[in-house]
Amino acid sequence: MAATRATRPSSFSRNPSTSAAPSIPLPGVKLGPGNAAFVSSGIPDLDRILGGGFLLGSLVMVMEDAEAPHHLLLLRNFMAQGVVHRQPLLFASPSEEPRAFLGTLPTPIAASKEERPRVPGPNQEGKEQGLRIAWQYKKYFGEQPASQPQYKDVKQEFSNTFDLRKSIERHMLSSQNIDCVSIEKISDLAPLRERCSSFLSKLNGDNSSIGLAGRIAIQSLCAPQCGFSDWDMVSFVRSLRAMLRSSRAVGIITFPSSILPHSFSKRWQHLADTLLSVKAIPDDDKDLAKLLTGYQDMVGLLHVHKVAQISSQVPVILEANTFSLKLHRRRSLILEKLNQAPVEGSSGTSYGTAGPCTASFKGSSIDF
Amino acid sequence: MNTSPHLLDEALGLMPGISNGGALSQGCIVLIEDSVETSGAFILHYIVKRALSLDSSGIVLFLALAHPFSHYERILRKLGCNLSVHREQKRFHLFDILQLEFPCESKKDSVEQGLVELYSKIQSAVEVISSRDHSRAHISILIDDLSILEIAAHGSMDHVLNFLHYCVTLTSEQNCSLVILNHEDIYPDIEGRRLLSHLVYLADFIIKAEPLATGIAADVHGQLTVLKKGTSNNGHYSADKASNFHFQVKEHGVDLFFPGSRC
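In the order they appear, the protein sequences are chains A and B. Just so it is clear: in the first sequence, position 171 is 171 by full-length UniProt numbering, and no numbers are missing. Just so it is clear: in the second sequence, position 12 is 12 by full-length UniProt numbering, and no numbers are missing.
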């Protein structure tokens with residue numbers, strides 16, 4: 001055989017590393033199409049609904065239901081996810097001791113322990129096939145570390161499921177970069193703005209070190225016990241949004257929209273990049289029980305008003321905008337699409353039943 | 001055959017073949033109203049694209065209060081308009097005032113001062129452009145969006161109105177067009193509507209983007225109402241003209257169609 005030409009270039013060329021995206025992926029950050037980078041909300045279902053998670057550089061706002069604390073579920077999952085991924089966190093709340101809230105953060109559940117009957121499909125079969133192949137070769141590789149430390153397993157996932165019944169371990173909180181601010185009884189938002197600004201500028205890191213993705217969580221910003229003026233508050237929201245835009249962080253603000261005057265509530269809603277609202281479900285509402293399946297398990301409702309989009313003018317249209325908040329196996333938060341309960345056969349033709357259903361729906365308390 | 005952009009062109013008078021090409025007619029004021037459910041930003045993007053199109057010599061001054069330059073650049077690139085190139089060629093100027101703050105030593109004065117400064121920046125930019133060689137260049141000033149300017153001004157409606165009126169003088173003196181995006185659902189009651197009623201009075205075109213009455217749909221994102229105000233020039237009177245379309249926003253543009261004409 002003739003000697004191959006030594007200098008013949010290979011037809012295969014290595015792909016240059018993607019130009020726009022950071023060459024080193026940040027911990028807990030998933031990259032998407034365009035320049036999108038996502039962090040997890042701490043609720044895998046919500047990440048899926050929002051198309052990946054919370055966009056870095058965006059502002060998420062949650063309209064609270066004044067009668068129920070469901071927004072705290074969202075906040076807890078969000079903050080716990082940040083702790084698991086070791087992302088710096090700034091938390092502000094209108095209570096005297098915001099640090100106390102950290103004690104209520106849920107602990108992550110390791111994926112290996114959690115069975116996944118709810119998401120069946122090709123994954124399972126593929127996994128099994130993969131296992132079968134690997135098993136043959138296992139004898140050549142020696143014993144793989146079968147039980148990886150639970151913590152490490154948990155950390156490598158983009159989105160964790162959290163057990164709301166158990167609090168997060170103390171050691172995870174203490175070694176963590178968490179800053180807490182109380183916004184109770186202070187008349188001016190300038191200090192909070194300062195803290196946010198310094199928090200965000202620290203995220204960029206030096207040239208040598210890798211920057212980190214950060215999280216800012218502000219609970220009940222316009223709560224009555226804070227003495228801020230309407231214009232001060234909306235001005236703060238606007239400047240936070242502008243600061244977040246040019247940073248590697250996600251901000252989440254929950255606020256009881258019913259307390260704000262209508263026009264200010266609308267201004268806040270316009271400033272949000274992603275807008276959600278939570279609503280309580282009244283216990284023992286007979287109409288709702290007839291209307292929706294699984295009503296007994298529902299804790300509340302989550303409505304998605306707006307989803308953040310960068311680099312696109314096309315609005316995100318979801319298949320469904322309202323989801324029920326449920327506790328899966330009484331410990332972790334899941335979101336499910338609403339399913340209309342099957343109509344009883346005895347109550348007439350399908351045309352006849354369509355009418356009363358919508359009428360009672362309008363009459364019920366669900367009204368976004 | 002994609003005939004839909006022509007519907008918006010027709011409604012706004014952006015017909016090609018007229019001397020200014022794709023730009024708005026001189027001295028024209030356009031008000032874009034939108035709501036939380038339906039954003040009207042796509043109209044701004046469309047106007048920028050048409051103003052910077054090759055067959056026109058338009059120049060765009062953009063007051064960016066809502067998003068930074070990178071955001072618009074990415075979106076306009078998908079629409080087929082390269083903002084970076086236009087910026088280098090001095091056809092696109094963006095004032096990044098996302099972090100516009102009026103330092104509050106003595107609040108009232110500082111807001112006025114700040115707005116006066118902002119206006120003088122815009123005015124000097126306009127003067128620089130019109131004194132250059134291509135004095136036939138048509139300048140469009142776009143504001144995205146006015147409600148954030150109100151927030152920056154801490155709610156002092158008077159100062160914002162003054163600023164607005166000064167910008168309107170640019171339309172008559174320097175023949176610029178002014179396009180303003182504002183959120184209509186922020187002003188529910190009579191008290192707060194003062195700014196909106198001034199805008200409605202001043203505007204030549206009012207474009208309103210609303211959600212459909214029937215709710216959200218995947219292929220129709222909302223409805224667009226374009227009102228062209230009637231004019232009375234030299235005794236020649238023309239009536240108001242209203243057009244109603246349904247629209248679907250896409251990556252590369254917007255599809256407009258008459259209600260019900262989509263199969």
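Treat the hints with care, since some could be wrong.
Below, a list of computed lysine to aspartate or glutamate pairs in the EDC-like style, where the Cα atoms sit at most 16 angstroms apart [as the list claims (entries may be wrong)]:
1. A:30 <-> A:47
2. A:337 <-> A:319
3. A:306 <-> B:210
4. A:306 <-> B:37
5. B:78 <-> B:255
6. A:202 <-> A:184
Here are some of the chain A residues that sit facing chain B, going by a computed Cβ distance under 8 angstroms [said to hold, decoys possible]:
7. 176
8. 231
9. 266
10. 315
Calculated directly from the structure, the hints in this document are not laboratory data. Predicted model only: the values in this text are computed from it and were never measured. Each residue gets a CB set at the ideal place from its N, CA and C atoms; glycine is no exception.
Consistency of the hints with the structure:
| no. | hint | in the structure |
| --- | --- | --- |
| 1 | A:30 <-> A:47 | 11 angstroms, holds |
| 2 | A:337 <-> A:319 | 10 angstroms, holds |
| 3 | A:306 <-> B:210 | 15 angstroms, holds |
| 4 | A:306 <-> B:37 | 8 angstroms, holds |
| 5 | B:78 <-> B:255 | 15 angstroms, holds |
| 6 | A:202 <-> A:184 | 25 angstroms, violated |
| 7 | 176 | 30 angstroms, violated |
| 8 | 231 | 5 angstroms, holds |
| 9 | 266 | 5 angstroms, holds |
| 10 | 315 | 6 angstroms, holds |
When held up to the earlier numbered hints, the structure conflicts with 6 and 7 and fits the remainder.
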